[in-house]
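*Asks:* Here's the letter readout for the chains.
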Amino acid sequence: MSVVANNPPDQNDPTVRAAQEERLRAVWSPPRGLFLRWTDTNNNAVGIWYTLTAFGMMLFAGVLALIMRTQLAVPENDLVSASTYNQLFTLHGSMMMFLFAVPMFEAVSVLILPQLLGARDLPFPRLSAFGYWSFLIGGVFVAGSIFFDAAPDGGWFMYPPLSTEPSTAGIGADIWMLGLSFIEVSSIAAAVELIVGVLKCRPPGMRLNLMPLYAWYILVVAAMILFAFPPLIAGDLLFEMERLLDWPFFDAKRGGDSLLWQHLFWIFGHPEVYIIFLPSIAIFAMVIPTFAQRHLLGYPWIVLAAVGTGFLSFGLWVHHMFATGLPNISLGFFSAASEAVVIPTAVQIFAFIATLWAGRVVWSTPMLYGAGSLAIFVIGGLTGVMVAVAPFDWQAHDTYFIVAHLHYVLIGGSVIPLFAGLYYYWPLVTAKKLSDRLGRIAFWMMFVGFNLGFFPMHISGLMGMPRRVYTYSEALGVGTLNFMSTLGAYLFAAGVAVVVVDLCLSPWRQRVQRNPWNAGTLEWLEFSQQENWGVRSVPLIESRYPLWDQHDFVRQVDEGRYFLPDAEEGYRELMITSVLDASPLQVARIGGPSPIPVIAAIVLGGVFILTTFHFYWAALASGLAALVVFLWWLWTGTGIIPEKTEKHAGLGIVLPLYASGPASSGWWAMFITMIGDATALAGLIFGYFFYWTVHADFPPDPLPGQTGPGLYWPMVALALILAGWVLTIAARETNARGRVWFARVALAVAAAVTGTGGLAGLAGPWRTGLDPTLHVYPAIVWILVIWIAAHAALGAIMQLFVLARSLAGRMTPVYDGDVRNITVYEHFLALSALITFLVIGFFPRLA
Amino acid sequence: MIHRLYKLAKRLKSSLWRLIVPPTIWALHFLFSYVYAAVRCAKSGSAEVIVDIRTGIAVATVVALLLVAASGYIAWAQSRIHGDLPPYQDSTDEDRLRFLAVSTLLLAGLSFVAILFTALPAFLFEDCT
Chain A
177 MSVVANNPPD
187 QNDPTVRAAQ
197 EERLRAVWSP
207 PRGLFLRWTD
217 TNNNAVGIWY
227 TLTAFGMMLF
237 AGVLALIMRT
247 QLAVPENDLV
257 SASTYNQLFT
267 LHGSMMMFLF
277 AVPMFEAVSV
287 LILPQLLGAR
297 DLPFPRLSAF
307 GYWSFLIGGV
317 FVAGSIFFDA
327 APDGGWFMYP
337 PLSTEPSTAG
347 IGADIWMLGL
357 SFIEVSSIAA
367 AVELIVGVLK
377 CRPPGMRLNL
387 MPLYAWYILV
397 VAAMILFAFP
407 PLIAGDLLFE
417 MERLLDWPFF
427 DAKRGGDSLL
437 WQHLFWIFGH
447 PEVYIIFLPS
457 IAIFAMVIPT
467 FAQRHLLGYP
477 WIVLAAVGTG
487 FLSFGLWVHH
497 MFATGLPNIS
507 LGFFSAASEA
517 VVIPTAVQIF
527 AFIATLWAGR
537 VVWSTPMLYG
547 AGSLAIFVIG
557 GLTGVMVAVA
567 PFDWQAHDTY
577 FIVAHLHYVL
587 IGGSVIPLFA
597 GLYYYWPLVT
607 AKKLSDRLGR
617 IAFWMMFVGF
627 NLGFFPMHIS
637 GLMGMPRRVY
647 TYSEALGVGT
657 LNFMSTLGAY
667 LFAAGVAVVV
677 VDLCLSPWRQ
687 RVQRNPWNAG
697 TLEWLEFSQQ
707 ENWGVRSVPL
717 IESRYPLWDQ
727 HDFVRQVDEG
737 RYFLPDAEEG
747 YRELMITSVL
757 DASPLQVARI
767 GGPSPIPVIA
777 AIVLGGVFIL
787 TTFHFYWAAL
797 ASGLAALVVF
807 LWWLWTGTGI
817 IPEKTEKHAG
827 LGIVLPLYAS
837 GPASSGWWAM
847 FITMIGDATA
857 LAGLIFGYFF
867 YWTVHADFPP
877 DPLPGQTGPG
887 LYWPMVALAL
897 ILAGWVLTIA
907 ARETNARGRV
917 WFARVALAVA
927 AAVTGTGGLA
937 GLAGPWRTGL
947 DPTLHVYPAI
957 VWILVIWIAA
967 HAALGAIMQL
977 FVLARSLAGR
987 MTPVYDGDVR
997 NITVYEHFLA
1007 LSALITFLVI
1017 GFFPRLA
Chain B
20 MIHRLYKLAK
30 RLKSSLWRLI
40 VPPTIWALHF
50 LFSYVYAAVR
60 CAKSGSAEVI
70 VDIRTGIAVA
80 TVVALLLVAA
90 SGYIAWAQSR
100 IHGDLPPYQD
110 STDEDRLRFL
120 AVSTLLLAGL
130 SFVAILFTAL
140 PAFLFEDCT
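As they're listed, the protein sequences go chains A and B.
All residue numbers for the first sequence refer to the numbering used here, where the first residue is 177 and numbers rise by one.
All residue numbers for the second sequence refer to the numbering used here, where the first residue is 20 and numbers rise by one.
Bound-form chain B, shown alone (with noise of 0.2 Å):
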């Protein structure tokens, strides 16, 4: 199964749009969590939504943290493509793969850090004051 996955994860060619995938997961999380908060502060009571609001932020989180964690396994598979000697900076179909590959890898820490930063205000207020 395992296996399986890996194998397709390294058929997908990584490119400049996917580069971009993990930086813009964390952006529509972001817009999500701020808007969903302060559209359910503003129109109703600060007390009783709160529950309501961690509760999505908390989907929120899961889904978007899946996405990244995929995207950026993607890009792991992607990155240990057989080919020519480090330190991988060839004019080579293979080094252009790998850089893009390790690129999104590491945007794609990056954004799974600051997901986590995002969803945490949610867990830490009490109500919407």
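Isolated chain A, as found in the complex (with noise of 0.2 Å):
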């Protein structure tokens, strides 16, 4: 039934603009109560709390570090013992990296990214707050563990085989591992709402070439954690495998090898670098336009530095590992690519002495700390380029010349422009300015503390001041130089205590007029908080700075004369548009208010937390718990079968509210995640390979325990697997023709042999008596089966749920999203399916 008006609404008529107002103001109104607000989805809520608690994160992490730098300030000094500093410095890297840096950005990204597109939020509301409520968990779980005595103490890298052993290392190994794998599933998360965001979101008209460049920078971030994350996550399980069953994967006395391990964390290590200093720079070009008053030079230029940085970041992992032995025409080649990422990070800041030397400068309090972090940022990647070359490396590995480096690195690339990015934003979310007063003794205090703390490390560590070591002797000539980096790291503390006073102060300043910096992009069109809604209609975008460029735009985007100016049929509404240009394509109706993403973030970190301590029964009871809140999830939150067909969009454009495959935002958030996930497996796959290029026994030789899968089981898994693909894709064109009946009956077979075939692939190291605790080899294979066993459970119930969803008609010929999307998961399973049976079927009898 279509019932879409012909006569759109007088804008002109400021009655009809109150009754809509009013609409959009219940429809985005937040949930009250003391419970209730807490089930908030919306951007801005959610985006609050992520940055609250990620800052809250770095200041517990650099408390830290002060505790540290205090027990250093001199020599041979007993303030903590040494089992203690090694849990300060352990949970100090992992916490800045994992529950501050990584979080951040997401945290910034969830709070700006609509209103930098225009959009009224992201395209899935509920995983954005699922995501925090994992972050939030899980970074309780990991940083708590400290007041215990129990906090992780093997480094932030947590290299084998000191931290798989039980006898030398305790619990800390495992709530880093399975505390960290928690959060690194959010991250997986935010990268898809990220993505999907930025591609399927934007503004009609908002081309590529308009993109705002913060848009860029987290396209490619995002991009990169789908590539960076999943071998971590399959070193983690990997990890935990071995210290939980003993499945020897690090242990070189049974075929193992603790260098898989940091490859595997490193092939995530490396990017992550990448993964946290570009969403700070994407802050810059956002900063240093409105400040220099002019379009940004060169927008091509740092579309080529954002997406060649985060190639170019992918080979670079062995530079951690230049001192392990490898051959040196393999470190050769990663000395090279170290090499050659300067070239892009160059780039992007010529981009920007560039825009600032052709603009009128306003020399605000963001502008200062931006210009402080490049002068910062570039003697730490002068350092790299020294450190980038193997033979230096070797003498300055380990020492703290390395920890000058990298804290020169990521604070001037990541911390302090997100300081300035704070004193940028913080009128867009509050409506109040920060002192620039106040802003500028601090940054002083940080620039001046920064430089007198870090920079005599070089020197430490040159005259051979080792790192992770609790205490040093006084013959070693550094007790001064420590003293230095004592005063400046308390000062550094200084200026962070005056930004935190800055910030308790807000609340009593006057609120300051809308776009306060006389910005030109879309994010200043907001009125800080005052509407939920985010924008009042979703403009028309002709200009990569509208509010400069587009003649009358804030008045006609207030006046609701764009899209989407109301909300008559009561839902929460998006434009979703086409990837290249913009084009309107849909709106989409997203989740509001909903307890589900608290229910499911505490039973799937129930997952985790009970697994750290053993409780294997209650985990595996959560496990399932948690599996049925995602199902509730699905089936009442998504491809809900809109009341009509279609609707008026404004501007006389009349849009669907639906759309399948392709064209929905679904399709491509199973799209992506399959990436992420297809990116896990081949980082078991490499595992495989690494051992068998590194050790003359594997496969081992052929004796009860270690041979096996065989040819047989593998195959009929491998049969069973395909014949599920088939029919899934069977199920989608038949239903698709109106054939309901004939997709119902495919789909259930289909289910039924997709799950037989993840038990059939368990059946080759079954039958064959594959012992998994006696040789790698069964181990890694055992691994391997497990994973596509899961996998194809995981489809099976897939493709049970989309026959329910048939059955009850929740999905139809027309409204067909729910069997595409799972046909895309069915793709990936089949491709996995094909690669890891035909290796451990096939390969032993190769090698």
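No lab work stands behind these hints: they were computed from the structure.
By construction, the Cβ of each residue, glycine as well, lies at the ideal position given by its N, Cα and C atoms.
Here are the computed lysine to aspartate or glutamate pairs in the DMTMM-like style, where the Cα-Cα straight-line distance is at most 20 Å:
#1 B:Lys62 to A:Asp877
#2 A:Lys609 to A:Glu707
#3 A:Lys608 to A:Glu707
#4 A:Lys429 to A:Glu341
#5 B:Lys29 to B:Glu113
#6 B:Lys62 to A:Asp873
To give an idea of the interface, some chain A residues facing chain B are shown, with a C-beta separation under 8 Å as derived from the structure:
#7 Ala513
#8 Pro520
#9 Ile717
#10 Leu756
#11 Asp757
Build the complex from these two chains, which are given one at a time in their own frames, with help from the hints.
*Replies:* Shown next, in the form of structure tokens:
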């Protein structure tokens, strides 16, 4: 039934506009009440919680650093024990990386990306809320461990074998591994959300060449997360299997290799540096044009820098492993790539400098932070060029020279730009400016404190002071340098404290007018926090700086003269546009406040936390509860059939209310998630071939317990899973042609064969008696088939879910998003099974 | 001949996928160089395989450079389409295409240099150690 009104509303009539605003306000109103307010999913609320939590984590990890600096102030100090010191530096590094830098990028993006894109929210607001709650639970779990003397103490990279051996590493290692794995899941959720947000939720007219540069950087960073985090998740899986079940992945005595962990960790760990650096630089790309009062110069050059850095950063990981005895020729490749990444990094800095040169610079507080951070970052970059040269690195490895280098890079490239962003965007979020006076005082304290603290470390490092050792001898002659470092650290911390004071004073300050910096980009349309709806109407974009360039732009947006000025049906709505040209495709209805994200985070968190303490049955129960909650979430919140097919979206265009397949945001979310999933499997397959490359006894001699899995069961499993894949495609096609019953039968059979296929995969190593504790070969075969079996089980659940949707009338030949989405999953499952079973079936015969 | 190639290159449309072709070629070349050298070094003696490694990487480098150059050439041809005036930052088909083409061309330049960087070690080292 189509009830599309033929006469568009008269935006010249103030009473029409007031009625529209009333409806928008009602639809977007946040939940109230002591408990219910935490069920909010709007990006304004979740973004603020996220940012504050990440900021709190930074302060906590900063205090840990101060305790370390106090311990190191004088030689042979005994303020903390060696064991406490190990926990301090491990938690400091892990928290700054996993609980501050990455979540802070996600938090800031959740908060401001919709505004930058003139969107009312992100495409999956409940997913953002779920990500936040996962981060909070995992973060408190990991950070809190230090109060029980149970914090991880193996360094932020957790190198085995010391960290896998229960006698040398206590429960802290499990807390690190499982707590942070949980947070990695939420990072991947954020990556999916942000990629779909940037590609599909731009306002009409905002083609790729008009996208704010922040969005370009976020797109690159989110894509990097998809390829960087999954290898670490694969590594975490191997690590925990070794710790909990004694599967010898990293145990050299049984064919394992601790270097595999280093590879998997640093395939994540090096891109990670750029994952936290690029979003901060992205803030610059917004701040600099505003204070140069002109367009940014060299837009395609910045895109080159972002994309180029994103790629090259994956060719650097071995430069963290220069001292591990790999062949020199291998080191050479990574050394070369480490030098090459300087090119795109420098290009963007030159583009910023050129913009400032060409503009009339307003020396505001955010600009001061920006300029200071560039100076610090360039110094860190230059020492980076030094340590990228392997022979130099061998001298500096594991000394304070490296500590100095990485802090110059990370504080200059990530932390201080965030302070620039804080001073710049605070008025956007709170409608209050922070104090310029306090901001400048804090800046100089931080800048001087930072250099006083970290510059001497270059020298103490070259004099031979090792990292991660709780004290040093007076005879080393680094006492004075260390004392300077400690003074600098306190001065830096005092600067941060001044910022905190400034933030606390903010509620008593006067409100500022809208767009106080006279910026040109879309986010400044926002009336800080007065309305929850984001923009009054979704604008038509014709310029990179619409507030500067488009005539009468703000008034037209405010009077609802663009798209979606109303919420006449009482739903939260979003424009979905095309990837390249942002042509309007659909009006999507998105989820509102719901307790599901919190509950989902709690039960999923339960799986990880209970496993840490070896409560396996409780963990299993929590896992089943998580499955139920996720199905409930999907059943009630996704693929809802609209009450009419299309609606007026404003400016005379009519858009559909439902989309499926590549036109929909859900299809893209599935596709992107599965790329991350496939990367994790690639990490495990890499492990298989890594063992073969470096060990002559892989596969081992044909002794009982280490011979298998044969060819029969892997091929049966492969055939069944491929049959499930073909049947799912058949279900999609027959359903679309209206032969609904055929599709239902196909789905039921598909679920049966897919599930059985997973079991057949397990039968291979089981029937041949592969013993995973005997040698690494049976262990890696087992882990691969378990991976596929778990995915096949999930595939079967999806097929049954879609069958139930069809039977319940929630999926029809027209509204068929569900079956199209799970077909994407099935494509990846088929590919994963093909690669895995061919490898484990045939490779032992060839090798 | 060249003119026909130019016209052909102009017809292919730039897209977000084409944008990442040059750096993807770099990534594949990098991965090949690293894996090939690592496996050859691990599986046989150090001095005798260096000739193989050099040959393999030389071939891979030439192929990768040709592909990157082709991708850059296509992008360059597309960046020269006629249309509205500089500075090419309007919401039009021409400007969006030109932007993607220029960005692809720049990435091709970066990838070209990065591939040369990656190839160098194979010709500087005498053996695997």
